[in-house]
Amino acid sequence: MTRILTIAHTVWLGTIRKKDIYVLLILLGALLLAMVSLDVFGLGGAVRYVKDLGLLTAWFFSWILAVNISARELPTEETNGTVFPLLAKPITRAELIAGKWLGTWSVAVISTMFFYLLIIAVVKYKGGSFEFIPLAQAIILHSSALSVICAIALAFSTRMNHDAATSITYILTGAAFFIVPRVPEFMARETGFAANMLMLIYNLLPHFEVFDMRKRLVHDFGPATWKIFFIVLCYGALISFTFILISWLAYRNKRFSRGNLI
Amino acid sequence: MDNAIEIRTLSVVFSSNGRPITALDSLNLCVPSGQVFGFIGPNGAGKTTTMHVLLGFIAATAGEARIFNTDVNKSIARQRIGYLPEHPDTYKFLTGRELLVMAGRLFLIRGKQLSDRIDEVLSLVNMQNVSNRKIATYSRGMMQRICLAQALINDPDLVILDEPTGGLDPIGRMEVRRIITDLRARGKTVFFSSHELSEVELVCDHLAILSKGRLIVQGPTSKVVPQGESLEKYFMKAVSNQ
Ligand SMILES: Nc1ncnc2c1ncn2[C@@H]1O[C@H](COP(=O)(O)OP(=O)(O)OP(=O)(O)O)[C@@H](O)[C@H]1O
Ligand SMILES: [Mg+2]
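Residue numbers (our numbering), protein chains in the order written: chain P, 1 to 262; chain A, 1001 to 1242.
Derived by calculation from the structure, the hints in this document are not laboratory data.
Accuracy of the hints is not assured; some may be wrong.
To be verified - Lysine-lysine pairs mimicking BS3-like chemistry, simulated, CA-CA at most 30 angstroms apart: (1) Lys215(P) <-> Lys227(P); (2) Lys1212(A) <-> Lys1237(A); (3) Lys254(P) <-> Lys18(P); (4) Lys1092(A) <-> Lys1074(A); (5) Lys124(P) <-> Lys19(P); (6) Lys1112(A) <-> Lys1092(A); (7) Lys1092(A) <-> Lys18(P); (8) Lys254(P) <-> Lys1223(A); (9) Lys1074(A) <-> Lys254(P); (10) Lys215(P) <-> Lys124(P); (11) Lys1237(A) <-> Lys1223(A); (12) Lys1092(A) <-> Lys254(P); (13) Lys1223(A) <-> Lys1233(A); (14) Lys1112(A) <-> Lys1134(A); (15) Lys1237(A) <-> Lys18(P); (16) Lys1212(A) <-> Lys1223(A); (17) Lys1237(A) <-> Lys19(P); (18) Lys215(P) <-> Lys126(P); (19) Lys19(P) <-> Lys1112(A); (20) Lys1233(A) <-> Lys1212(A).
Bear in mind the structure is a predicted one, so any value in this text is a computation, not a measurement.
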């Protein structure tokens, strides 16, 4: 465990000493402020729209952040040659993978908390508020979705360079986020083989929509039932674990020599 | 006498654009413990490749390698090793001290023991004054020194150094020689590659010459190099006969 935490801690230091998090945070802040002050949509800046857009941008930014930081960890270790002194230590590949995942996921979660704080402040400024329990549930499920995203990015980055792993993770998680929830619509129109294929894809891809409580927050539907909440949490843990396992399998026997990734 | 490193009929073949490149060809090598062992050979001879096999970074195409009688593919084989890579590079966002803390924790050293050990290795490589600076601000030689420090953090019984004096100033070279002889005095084994033949002659008890992936000669320095000849002269002859 010490070794896993040591790796995670190094990921932490590496991420908070680079600029991307701050850039995203400042961008989000600027966007929110622009929304509030300029009334871009001519909607009088109603609290509901601030919430809606704020939460959407929080999801968007945390997605970008999670993919970026977790897809680059392993490939940059390799291109910079820092993987050599690291693997010369008595650390197992499993510990390395676990540490990298823990590090990137926790950074993504903490920054997402900051995003939420910003949104809460702006909503408050607009005279609105969030109910505590649904908000807490939303943040926890959001974090669970980030854990899945980090695990997927890590899995791709074990055998790809930074750019390829980043792009593929964006495509896959983007598709899972935007297309998967609409598959049942397509399915209604198809029959036979096409319908079966769609069904297969539908079941295989991770379902990010189940982690998404934005509608509940925006329309004040109240909390999700605890049973559903825990089922979704378990679902997130299961997919994350699966992808971490895949990462380990892909990395376990990986050999390192010059020019592997270049 | 125990052997710190044992390499038997080790071959490594890389492929580049479909063409095989033989980096090591049936290499046999024994490094006795408690000795300073110089590993020399022209560029591309396979020195770095041999070290990479010893550390489990690449797989042997054939043959086997053992460290203190443990197969090199087991992570526990690295518990008693310190390694300085050929192109030392490390996390530039850390300070020198933070790097050593990280390295020490990976060996499960902690608390006062770790901070004492860090002070010790920092003074060994003469980096106490800059240890709180970001590694990004280090010069090449300082980078080399901090990487050497992290290689020694666990007080290893076997130290594998790939061109430890490359990039160092004359004082730095002398200090590395001193570190190597200190390690020997404490019963440690040092296995290092170098192109500085005068230096090798000065500090090595044993040496091996490698060329094009093949071992040309190995043995005690005094036996390998004929009386009255310099290692450099002998090396030139041996390699050109290949
Ligand atoms: N990843 C790789 N792919 C293809 N060939 C490689 C790879 N790594 C090393 N080689 C080849 O293997 C041979 C041995 O290289 P190695 O780096 O071990 O030499 P070296 O003795 O360390 O040389 P130097 O003194 O220049 O550091 C060289 O011909 C090199 O081109
Ligand atoms: Mg080399």
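Determine which of the earlier numbered hints do not hold for this structure and return their numbers in increasing order. As far as the earlier hints go, 8, 15, 17, 19 are violated by this structure, in ascending order.
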